[in-house]
Amino acid sequence: MVGVGLLTWFALQSYLLYDFGFSWKIATTDAGVTSILLAGACFLISNNLKYYQPEKGRSLFILVLCLVLNLFWLAAIRWLLPQLITDPAYIVFLMQSLAIRFCISFLIIGCMAMLSALRYMQKDQKAYEARKLAAENLARDAELYKLRQQLQPHFLFNSLNSISALIGFKPSEARKMIHQLSDFLRGTLKEEQQWVILLHELQHLQLYLDIEKVRFGHRLSTVLRHNDAADQMLIPPMLLQPLVE
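Residue numbers (the working numbering): -12 to 232.
Just so you know, the hints here were simulated from the structure itself, not pulled from any lab data.
No residue lacks a Cβ here, since even glycine has one placed at the ideal position from N, Cα and C.
Wrong hints could be hidden among the right ones.
To be verified - The calculated lysine-lysine pairs, modelled on DSBU-like cross-linking and capped at a C-alpha distance of 35 Å, are:
| id | residue 1 | residue 2 |
| --- | --- | --- |
| 1 | 113 | 163 |
| 2 | 37 | 157 |
| 3 | 37 | 119 |
| 4 | 200 | 157 |
| 5 | 37 | 110 |
Stated by the list, open to error - Simulated restraints, written as ranges between beta carbons of each label pair:
| id | residue 1 | residue 2 | range |
| --- | --- | --- | --- |
| 6 | 105 | 214 | 53 to 61 Å |
| 7 | 128 | 231 | 34 to 42 Å |
| 8 | 218 | 102 | 19 to 27 Å |
| 9 | 108 | 19 | 47 to 55 Å |
| 10 | 27 | 3 | 17 to 25 Å |
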């Protein structure tokens, strides 16, 4: 994109100088030197803004930087072009056109500075949003992991106590509860992924409720109702169990 703009500016400036009556050699030499120096100034200011972004409300820094680069650019063509082109009429034209060259180059360098600043600000903002999202995901995962670690020992302790109590007078119920507890813990170990579908989470929750029903007997009666259309919805693991518990 920058290369196309540079070639367009070179062609336009060459044509204008030729239209003023200078030869193609003089026109292309002037346009080539000024375009290369202008491209260098634009590269310098763009590269500078890549590594240093002024604070909001301090756009004066960019303005001063553009002015300084523009003065260096003007001094360079003021010295270099007469060395390359010795035609007296051209030198007079060059001196007379320095003011308008200064204004045009200042506009070009200024536009490059503003576009570069906006582009790098957008990149920084996207990078900040990505870091923020990653930090939020880490915090959420840490909270879920902490919650899981808090729930499992408490639930396991109560379940083992219930199994111990059932072994003596209801061994079949104790065996059933052991199998249910085994399936529940196996499902818990699998739920280290970040998201699970709602159907699997409900099945896991039903195992939890079945185990609790063995503990509480007729005192606990539950019915799970859900919309079948939402079965494939993704949710964080262990989201429903704390609510039920």
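Results for each hint:
1. 113 to 163: violated (53 Å)
2. 37 to 157: violated (74 Å)
3. 37 to 119: holds (22 Å)
4. 200 to 157: With Cα atoms ~14 Å apart, residue 200 and residue 157 stay inside 35 Å; holds.
5. 37 to 110: The given pair, whose Cα atoms are some 10 Å apart, holds under the 35 Å limit.
6. 105 to 214: 53 to 61 Å: With a Cβ separation near 46 Å, residue 105 and residue 214 fall outside 53 to 61 Å, so the hint is violated.
7. 128 to 231: 34 to 42 Å: violated (21 Å)
8. 218 to 102: 19 to 27 Å: Violated - the Cβ-Cβ distance for residue 218 and residue 102, about 49 Å, lies outside 19 to 27 Å.
9. 108 to 19: 47 to 55 Å: With Cβ atoms ~33 Å apart, the hint is violated.
10. 27 to 3: 17 to 25 Å: Roughly 21 Å apart at Cβ, these two residues keep to the hinted range, so it holds.
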